[in-house]
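With the sequences and hints as input, model every part of the structure.
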Amino acid sequence: MLKVEDLCYEYESGFKLKNINFEVKGGESIGIIGENGSGKTTLVKNLIGLLRPKSGKILLNGEDTSKMSVAEIARTIGFVFQNPDNQIFASTVKEEVSFGPQNLKMDNIEEIVEDVLKKTDLFKYKDSHPFKLSGGEKQRLALASILVMNPKILILDEPTSGLDLRNARKLIGIVKNLQREGRTLILISHDMKLVSDLCERIILMKSGEIIADGGIKEIFNDSNLLEKTRLDLPEIAKLSKILEFGIVFDPEELYRKWRASND
Amino acid sequence: MIRYTMFLRRRSILHSIDPRSKIILSLFLFTVCIFFNDPIYIGIIFFFLIISLKIFGKIEIKKTLSFLKPMLPFVVMIMLLWILLGSEKGNVIYQIWKLKIKDVNIEMAIAMGFRVLAMILSTFLLLMTTEQRDLVLALVKMKLPYEYGLTIAIALRYVPTLASLAVSITDAQKARGLELEKGNILEKIKKYVPILVPLIVKSIQLAQELAIAIETRAFGKPNRTFYRDLKFKFKDLVFLSAAVIFFVICLYLRIKRYGVLDI
Chain V
0 MLKVEDLCYE YESGFKLKNI NFEVKGGESI GIIGENGSGK TTLVKNLIGL LRPKSGKILL
60 NGEDTSKMSV AEIARTIGFV FQNPDNQIFA STVKEEVSFG PQNLKMDNIE EIVEDVLKKT
120 DLFKYKDSHP FKLSGGEKQR LALASILVMN PKILILDEPT SGLDLRNARK LIGIVKNLQR
180 EGRTLILISH DMKLVSDLCE RIILMKSGEI IADGGIKEIF NDSNLLEKTR LDLPEIAKLS
240 KILEFGIVFD PEELYRKWRA SND
Chain S
0 MIRYTMFLRR RSILHSIDPR SKIILSLFLF TVCIFFNDPI YIGIIFFFLI ISLKIFGKIE
60 IKKTLSFLKP MLPFVVMIML LWILLGSEKG NVIYQIWKLK IKDVNIEMAI AMGFRVLAMI
120 LSTFLLLMTT EQRDLVLALV KMKLPYEYGL TIAIALRYVP TLASLAVSIT DAQKARGLEL
180 EKGNILEKIK KYVPILVPLI VKSIQLAQEL AIAIETRAFG KPNRTFYRDL KFKFKDLVFL
240 SAAVIFFVIC LYLRIKRYGV LDI
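The listed protein sequences correspond, in order, to chains V and S.
Residues in the first sequence are numbered consecutively from 0, following numbering that gives the first Met the number 0.
Residues in the second sequence are numbered consecutively from 0, following numbering that gives the first Met the number 0.
Derived by calculation from the structure, the hints in this document are not laboratory data.
Among these hints, one or two may not hold up.
Stated by the list, open to error - Calculated pairs, DSSO-like style, for lysine-lysine (alpha carbon to alpha carbon, straight line, at most 30 Å):
no., chain 1, residue 1, chain 2, residue 2
1, V, Lys-175, V, Lys-216
2, V, Lys-44, S, Lys-187
3, V, Lys-205, V, Lys-56
4, S, Lys-201, V, Lys-131
Structure, rendered in structure tokens:
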């Protein structure tokens, strides 16, 4: 679905993305992780066309994105930015969400918008002012305003940062529903618990390079790699590793393994 | 790439001079630019400034020119206005329809181009060789009330912050399919609404947060002391005397009507 070939990018300040290669298949869920300044956001901005690669190619369904505008790419890749306040401008939630579809000149906007508002549990606020929404609701509004363009690939940048548990869970629930619909998910996060909750595959970045790409359990089991990138595993995974059960994220599964080993 | 300040760290005479003398020099240079309208005189001032920045400020000519580059459209506009709408006197050298292009006006256009550039350079000279905090400190030491000094410091400090905020907002809206390049002028202006609204809202939020931050650090308590102090040394006196002599010479030339063209 999405293929990145030898992508290189360089900022004026000198920071570089070097030889990025990976492929995303339809329906996959990938976590892009790495320390601050490792190039996660730069990579994603290249994917959606806000930055253009210096060399290398990005193929979206086999088509080179270098000839596509950001708006054209947005039909397939939706990027939910970290700070919802950076995009709220309309005077009602409904108007805010319909901005994207209007730009893309989609049909049946009314219908699509209502549908998305229901999915993100914002329908009751459809005529309220977006600034009146709480933090969690604003985050869902940001998601809704991207989701409404019906992108096949959804990129989330720290979607739960600053949210309380209830709002974070609600958002995760919505994202899980989207995964079930078969949407491809790319998640940028420092929260390993969230990553392990949502993703099966991890792309690990350090200083502008991909240093590991593979299954989440495989990478979390590689102590060398963890030390190199100062990754902090979820507590449950640490415990299962100490007990030598490999990487387990589900407490019940860990309990079953423990019982089985004691019998 | 957004720069936080125009200041360039170098070890040079200009950098070590007391900022108060530099403010006065800057004002002198600015005024002298208004004295003359002969392209040769103003041209000399312009090149003198670039070369003295190189010699006394150790700032590469290339760097100076790169700072001037963004001002070019403004300069070109002024020159065009002079060529098209200048004096009625002089000989017509070219005529298109009712527009008469005259030799004196071309001469004036060159002079005015140099004048604007030299004026910009005389302020850049101050900004490129003086740290912002020293500049504000100098103004406060020159009896500007501290509140105003702080206001200037904050304004300077927040220009790049707001600029990078504007970039983030534009990125977020582009990811929602906003295409700024398309459409006629009216449509284009309308397209800036989704960028301006969040920018204004965020600026107000920033201002409120900043106000609280300042208040918590005992802003407004009288008789404040200074961590950094300015000392007016002998070399500052020499520098200031040179600036005064330069100004007086220019003033004399102006009174004797050297470097002044009658049109």
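How the hints compare with the structure:
At most 30 Å may separate the alpha-carbon atoms for a hinted pair to count; Lys-175 of chain V and Lys-216 of chain V meet this at roughly 19 Å. Proposed proximity of Lys-44 of chain V and Lys-187 of chain S is supported: the alpha carbons are some 24 Å apart, at most 30 Å. Only pairs whose Cα atoms come within 30 Å are accepted, and Lys-205 of chain V paired with Lys-56 of chain V is accepted, the gap being roughly 21 Å. Taking the CA atoms of Lys-201 of chain S and Lys-131 of chain V, the gap is near 15 Å; set against the 30 Å cutoff, the hint holds.
Checked against the numbered hints above, the structure violates none of them.
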